[in-house]
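Protein chains: 6
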Amino acid sequence: MDRIDNRKHDQLREITILRNYTKYAPGSVLIKMGDTIVLCTASYENKVPAFKKDTGEGWLTAEYAMLPSSTQKRNVRDISKLKLSGRSSEIQRLIGRALRSMVDLTKLGENTIIIDCDVLQADGGTRCASIIGAAVALCDCVGQMLKDGVILENPIKSMTAAVSVGKVSGELLLDLCYEEDSNADADINVVMNDNFEFIEIQGTSEKDTFTFDELNSLLNLAKKGLEEIFKIQKAVLSEGIVESENNLRDQQQGENI
Amino acid sequence: MDRIDNRKHDQLREITILRNYTKYAPGSVLIKMGDTIVLCTASYENKVPAFKKDTGEGWLTAEYAMLPSSTQKRNVRDISKLKLSGRSSEIQRLIGRALRSMVDLTKLGENTIIIDCDVLQADGGTRCASIIGAAVALCDCVGQMLKDGVILENPIKSMTAAVSVGKVSGELLLDLCYEEDSNADADINVVMNDNFEFIEIQGTSEKDTFTFDELNSLLNLAKKGLEEIFKIQKAVLSEGIVESENNLRDQQQGENI
Amino acid sequence: MDRIDNRKHDQLREITILRNYTKYAPGSVLIKMGDTIVLCTASYENKVPAFKKDTGEGWLTAEYAMLPSSTQKRNVRDISKLKLSGRSSEIQRLIGRALRSMVDLTKLGENTIIIDCDVLQADGGTRCASIIGAAVALCDCVGQMLKDGVILENPIKSMTAAVSVGKVSGELLLDLCYEEDSNADADINVVMNDNFEFIEIQGTSEKDTFTFDELNSLLNLAKKGLEEIFKIQKAVLSEGIVESENNLRDQQQGENI
Amino acid sequence: MDRIDNRKHDQLREITILRNYTKYAPGSVLIKMGDTIVLCTASYENKVPAFKKDTGEGWLTAEYAMLPSSTQKRNVRDISKLKLSGRSSEIQRLIGRALRSMVDLTKLGENTIIIDCDVLQADGGTRCASIIGAAVALCDCVGQMLKDGVILENPIKSMTAAVSVGKVSGELLLDLCYEEDSNADADINVVMNDNFEFIEIQGTSEKDTFTFDELNSLLNLAKKGLEEIFKIQKAVLSEGIVESENNLRDQQQGENI
Amino acid sequence: MDRIDNRKHDQLREITILRNYTKYAPGSVLIKMGDTIVLCTASYENKVPAFKKDTGEGWLTAEYAMLPSSTQKRNVRDISKLKLSGRSSEIQRLIGRALRSMVDLTKLGENTIIIDCDVLQADGGTRCASIIGAAVALCDCVGQMLKDGVILENPIKSMTAAVSVGKVSGELLLDLCYEEDSNADADINVVMNDNFEFIEIQGTSEKDTFTFDELNSLLNLAKKGLEEIFKIQKAVLSEGIVESENNLRDQQQGENI
Amino acid sequence: MDRIDNRKHDQLREITILRNYTKYAPGSVLIKMGDTIVLCTASYENKVPAFKKDTGEGWLTAEYAMLPSSTQKRNVRDISKLKLSGRSSEIQRLIGRALRSMVDLTKLGENTIIIDCDVLQADGGTRCASIIGAAVALCDCVGQMLKDGVILENPIKSMTAAVSVGKVSGELLLDLCYEEDSNADADINVVMNDNFEFIEIQGTSEKDTFTFDELNSLLNLAKKGLEEIFKIQKAVLSEGIVESENNLRDQQQGENI
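Keeping their order, the protein sequence lines are chains F, P, L, D, X and U. Per the numbering used here, the very first residue in the first sequence carries number 1049; after that it's consecutive. Per the numbering used here, the very first residue in the second sequence carries number 1049; after that it's consecutive. Per the numbering used here, the very first residue in the third sequence carries number 1049; after that it's consecutive. Per the numbering used here, the very first residue in the fourth sequence carries number 1049; after that it's consecutive. Per the numbering used here, the very first residue in the fifth sequence carries number 1049; after that it's consecutive. Per the numbering used here, the very first residue in the sixth sequence carries number 1049; after that it's consecutive.
For reference, chain F alone in the conformation it holds in the complex:
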């Protein structure tokens, strides 16, 4: 079977991660994974939610939303319906859990890190792209907190990344795009740390089911993809937290006019 974009069954889409994409949030990353584009930012504030008060520990929370124009058919804003969509609610809880697994909350002090993942263009895998990008933004935010003297010790325990795998027309595929995802018999989102231990698995199969064997094959496929993704994350982070030249503002000036 040929994939719609000519990838091999175990091939990731091209991933680009731009750090310091916008200028206010201490962590601000634009991630592109094929045609999926997500702006992931990490900010912090010097307070914690009620259930963490007086514990000496911090917290990390995440929010996820899609711009109205990010989907094939324009999607109505949540505020117009006065309801956070169930899908967004489910995804932002997943992102929150995945990112919290990176952080030793006891080393955060009573501070809260807020992850915002806003999808500019959705072509499948937005929750995975969000986690990959937000993990980088989180590192930058923590770097800023150290610089600001808000925390004294690095609370990052491990790197985290996510990828989707699925069964499409009987074939097992890595990193589904929207077209593949809509036709998948079953798909699994796998979140791992860089020791290749599981943080989260979310497998679902509305059209078909999957067996133990298929599960294991899919998880191995995911592991292969995550190995590459961790390399990309680390490469991006190793460039150092400089006022990089690659942010949107500088990079594109003069190109168009």
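There's no promise every hint is true.
Note that the list lumps identical chains together, so a pair holds whenever it fits in one copy or between two copies.
What the hints assert, rightly or not - No farther apart than 25 Å at their CA atoms in a straight line, the calculated lysine to any residue pairs in the SDA-like style are these: (1) K1282 / E1245; (2) K1095 / R1135; (3) K1255 / L1153; (4) K1071 / E1275; (5) K1271 / Y1226.
Note that these hints are calculated values from the structure, not bench results.
Got chain F; can you put chains P, L, D, X and U on it based on the hints?
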């Protein structure tokens, strides 16, 4: 390690399923799983959501809520906050997907089945108990639809059940109660059909992580639990859809006063 | 005229009150009044609303809701409409006033008792059943508060109960079921204390009107019903607050499977 | 006991009813009852709510609100809290029932009359003033509907009015002002038609209770007040529906500047 | 061109301003501008919003709403839609800015003044009438604050008023009524202080556009109107803040019945 | 006075407009105006709001929002507060009016164009940047509608653009950045068409006021800025509507990793 309620590591809590528990919904099941108690009902209506109109197919949707008094500390009603809680949103989407997997939507006609899972008492595993109970209620609802002539053919493809497994203090346990769940390093909710194929896996590990080997052990533990649960569901259903004697109204009269 | 369920015009439906029905709330009562079933719980918290702060007095508030499957036609959840239904709002204010009349707020200290009445099955008279059941739950909650040392003196001033009476096809009837209520020319909900003084009267007559004489006859009918209800409440309460054997969890085990 | 405004125990406050108070709604009445001032309007539209569709019958619904500045302490707008206050909800349901009792819905055709009662100044008895004023506005609206040819036959069955009575420091009083109402042991709102049959009774007693005898005395006191109110309503209506000179716009011009 | 109400192109509608219109708010003004009628009140409270805390300065905020019956076609209440209308939101922000320009916030102390503008009848120019009336109510409120000792120095810097001008069928007109406003090619709301400096200009032209020259002519027309309006405001205020005889309650008694 | 970014008093910030920025919306423009970055998209749907039904005319509506991370201090999402912010509400109404002025609605047929302006980074002037960018996106959307055969004739009447001018420390400046805007005594947003006629003027002055003369100087400054902006818009549009190379996806690939 001794479990808090003296169960063996691979032992389910006692499960009781009462059919025809209330009198209006065509499917109405009270499920007790240890101290977790959920009222699961299935109703139908002769219309479908906009995205299914003129497709000739039906739909199934689910809602989940906890009574304020169902938890150790009284929980505030969603309507008081004007927001469906993120947790409820996530769980009702899971229940919806799990139950839809049982049904051939093309055989439903343009009808919608609505599953309501209302937790009367929560002691861990409410989403699994909801799925187990709702699967029985769904069968009863479908029975009524056939009797009412709304559908002509049984759309049920398979039975569905769910169970939680988890790693608590390093030990792998089946069917976590609330106390165990709150201390779990990692826990997985497994939804399978009665061919023991996966419908959904949701594994999460905020405190610790889990390895490939642990995952496989946990899934096997889940499979063992699901074997027993499918037997209970089938035993309950094989009693036939009679105006059973065992509903709350009749059974308890005279006992108290 | 024969009543639909063969009762005499001045006959109550059978009432069953189960205490300690669920395990977390200090007062938890399941009341069945014919086919009307309501779970009434009473919880307390160590704070008061703003308007009672620094008064040394406590408060009691009530919430009322119907499960979606409790009615003949499934009713949509309030949270789906983002609005508390006007009917629920009206009823929970009535329950609050009725139950507050039982309590000497000056003896409560700055604590709030929260009454939750959740209708599992509605066959008319849900607001009256709620008040009857909640009065018992309130006593149990107060018992727990005394045991917990939160209050030192019993704040209960009197017992409270409620019953509906109505004019149906010209005949005066006690304790209307849904079928009768929908056809009533006029109906009155009467709340009294056990000295047979009025706490609240809510009489309404959309189809017809009622005269002074009919009002007096109806109130006397209500009084007769309330005499019996107070006996049932007291019988149930005189059993003592034991970890009773009659709660749902224990009572029904083994019966079904 | 002297009443705060020197009235006798069975004396109404001065009532002024201005018809055609604003110019758009077909019925528009400003009612002043002592210092309580309510703008009551009645509008109609050529459609009915879903539950009345294809019945050939009409409907009447009511809404009630207080301006922020109408109370001693400014009250926050409902829209700022995104919730209709429970009290408003309860009152507008009462007004709706009271006004519906005036109308033969089968003669309305599939039209809906909307009553709006907006309190400009609240000094006790706002729900009663609303009903008195809205009854007049309803007559004017029906007059307009007949003129517009929307209905062919007058659907008004009877006149409706309401008054409060209460027990204050042991004394029975007619038409409580705010000061009296806040100190009342018990108070009853009585809605009657002009045959002096009951439409609605709402008696409540948070501080004290009331006996059968007191109830009867209070109802007789209410009847006396309602006799006077019906006379005022009829006097106002007998002036004919002219483009009256007494509306706010004309009446006050030139007086101030 | 003849104006619909026979005014000259540069003629204001008749303006009536009644102070102390209702009795609770320290500033309470009914303004009539032709057939537009707005109740403008000013209240104060001894606290400030979060962003002003510990600044020693006060704040002024405004709310604007239309009664459902104030418009030709009854308008649905915001609370029924759970959304503040965009138009109301825009207008109340304008009123807030206009009124804040009158006040030296540093002389207010940490107090907040709340302006409420509730439209009883809308015939064009409601935002201008609101500003004119609220400016008078604000003066009365400040007078009360001085009397109450809440502030020690008068914080009023200048008087503020507003008027609309527009281009209708090519002609430039002052103070548009609804009929004119709906047909205007362009209209401008001009807010000035009594030194005839601009506080706010809001010009909009959906149907047509306007040129620099037209803008200047329109602004001069506005200035002419504002000169008259300032005179009216000052005349009304110079009457002194007495418990005036001209409030609604006293003035209209006996006129109607 | 030196401007914070060394611009001359009548100098615009650098403007970059990228067409076809995302791939789904028929018009999709990223505009950068200094450090202000807005994604402006234009979509269409084949229906109109209720008030335009059966008129044969179309409609254009706009929505505006800021990403949480777009501001110096993270701003809370509207959906978390269940309220569209007053500021957003005001701005999106302005954008809607400005963009509608470009279109002959009678040539649109019964279609609705939806403009979405989502601010990625806010450094002052977001409403002006939104209008400039959305005007280009609107042209692209109309181009697509013509290509799709949804409309047969180009409905664009003129080009529209906006710019802010203000008085800062007494000096008159063009195109205020955030720092300047927060310190402005007065600022005016001017929307004009390319015949330099006014579409909208919104001038406001909370700190200080402005005179007739200052107004005219500011409007001339705005006109100068708008002349340049129209040139930029036209240059961008004259490149033709090709599947341009300059969208985000292609342009940045390979740059970072």
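- Message: Need the list of violated hint numbers for this structure, in ascending order.
- Response: 4
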